[in-house]
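Colleague: Here's the letter readout for the chains.
There are 2 protein chains.
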Amino acid sequence: MKDKLWKEVIDAQERLQEVAHVTPVFESSSLDQIAKSSVTLKAENLQLSGSFKFRGAYNALSALSDEERKRGVITHSSGNHGQALALAAKLLGQRAFVIMPENAPTVKREAVAGYGAMVVPCAPTQSSREEKTREIIEQTSAAFIDSHDDLHVIAGQATAAVELIEQSGSFDVLLAPVGGGGLIAGTAIAASHLLDSARVIGCEPAAADDAYRSLATGERILDFTPRTIADGLRTPLGKLNFEIMQQLVDSIVLVSEEEIVRAMRFVWERMKLIIEPSSAVAVAPLLSGAIGGNGERIGVILSGGNVDLDRFFAPIEKTSAGKD
Amino acid sequence: MKDKLWKEVIDAQERLQEVAHVTPVFESSSLDQIAKSSVTLKAENLQLSGSFKFRGAYNALSALSDEERKRGVITHSSGNHGQALALAAKLLGQRAFVIMPENAPTVKREAVAGYGAMVVPCAPTQSSREEKTREIIEQTSAAFIDSHDDLHVIAGQATAAVELIEQSGSFDVLLAPVGGGGLIAGTAIAASHLLDSARVIGCEPAAADDAYRSLATGERILDFTPRTIADGLRTPLGKLNFEIMQQLVDSIVLVSEEEIVRAMRFVWERMKLIIEPSSAVAVAPLLSGAIGGNGERIGVILSGGNVDLDRFFAPIEKTSAGKD
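Top line first, the protein sequences correspond to chains X and W.
Going letter by letter, the first sequence gives residues 4 to 327 in the numbering used here.
Going letter by letter, the second sequence gives residues 4 to 327 in the numbering used here.
Careful, some of the hints might be misleading.
The list treats identical chains as one, so a pair stands whether inside a single copy or across any two.
The list that follows gives simulated cross-link-like pairs (lysine to any residue, SDA-like), each with its CA atoms no further than 25 angstroms apart [as the list claims (entries may be wrong)]:
#1 135 / 110
#2 10 / 250
#3 93 / 11
#4 321 / 269
What the hints contain is simulated information worked out from the structure, not anything from laboratory work.
Excised from the complex, chain X in its bound form (with noise of 0.2 angstroms):
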């Protein structure tokens, strides 16, 4: 299987060569000192649509039949994978639908029109959100595209952590968010063939513990309440993801809520970086002290950067309006 996927990382690359950015790492001084590791932090953030959501979605585009792309794509997303599949969509010249909650955020829903893609709004539910998303299939014969659980989307998510190695070299340590397994799966596949004996560790609130219990039992759970901050780790554990993740990623880490916003805070203020909250969950165990302390080089993947600054803009806004 490894030979396989690497293959499919390999084409990923390819078509994502002078398309995605080669977005930058970082480093910092004080985070170094508080875990005791030498830390990487590739900035996703910056990636283009805001998140390494970019990376799959647009592989997954790529790679879709000449009849199949006439035919436009289609998913459902309330977050950034709707994002990415939009302005994936509009450079590729395919049209594109999102399926989106009707309580989704204006913001949101404005990122993904302002892309150039159809947004389609249903009730909050699972149901109401599949079953829309078939009408429009068959209306359209629109080519559904999973955020998480296909194989061109990981292989393009994998991509990240191969510019990160290529970018900074070795690592001893790689850490990712973990939410439907795409990055995560993604980058163990990245880690497998580029670097020897590199631990992948999996990043995941422990309100939202889905792939921790699923690798402990051997059994995907799917059949919980997330209750996070981490908006974008919400999603249960994909099947594909699940399977490369039990061959090759090494151990999941749990973080509280309190962690994940500190370390938010941590790189908002000390590294001057707008990260979400599902990027911060990677950050967290190195603050903590869960990971790190032996000088290792840590590795982490920083997903994504789309947050609602509604809370911070809005009273300066009034007040700088009132005063102009």
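With chain X held as given, fit chain W onto it using these hints.
Modeller: Below, chain W alone, put in the same frame as chain X:
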């Protein structure tokens, strides 16, 4: 004068080498589209101490005689210069005193103290701050380092523009915010030596337009009451700064408070970089259409990223703490 100033910049570059961060530059296709220009942003918000001020402070401290070094350094500042001086002194093994108004935000006092400087509180008036400074100088013979009206400070700030030009090649226009005039004077010195015919434009809040009026009338205005969100730009122009600006700065563009907030939000939201309001002052004219429009290459110094994030984080810190 120009050659003497340039010599100081070369010296500053040598002193700062392998000490200051070579901060990255960023581009944004949406900014280019709006500004109808090719814009490069120099991210001094990622500089040590969170702003370009580190360059000037470190250069000034390095230029002291051995005798002066032993006696330590002193400044008054409630902002970035205080932090920059404190960190520079720490790295150079000098003791530092920073006079700060007793109503300065705790986060700023803690930042200065965190770098090991002695924070000396004073009443929040200009006379109290000067009196307290004299008092400490009498006791310690510490060397006073002004935040902007100082040749070594200006030469240090110039290295940001020198670096930007080294990284990104030639520019038609360089933009930097104007407060005391350290950054814009340094930027103008760099441009006058490295760029054949670039225009250097200072960006200033309309609500703190002393540089604009000083250059218009030829008289340095010292008596004004700034009411701008750009807290780093409330300082009156320095004497030396004004002299250099009269010779080397092409013009000043004024921006409204609303434009400042909009530009700040744009950079946070689209570029995922935390910049402070003072930095946004140099981005605002590109969004408003005051500058740009004809495809020119425009370089912008993002001066700093020290913002109080409590409004954003306090509510989620409270919620997340309750959950664990």
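Colleague: Against each hint, give a clear statement of whether it holds in the structure.
Modeller: Going through the hints against the structure:
no. : hint      : verdict
1   : 135 / 110 : within (22 angstroms within a copy, 49 angstroms between copies)
2   : 10 / 250  : within (17 angstroms within a copy, 61 angstroms between copies)
3   : 93 / 11   : within (23 angstroms within a copy, 51 angstroms between copies)
4   : 321 / 269 : between (28 angstroms within a copy, 16 angstroms between copies)
The structure shown violates none of the earlier numbered hints.
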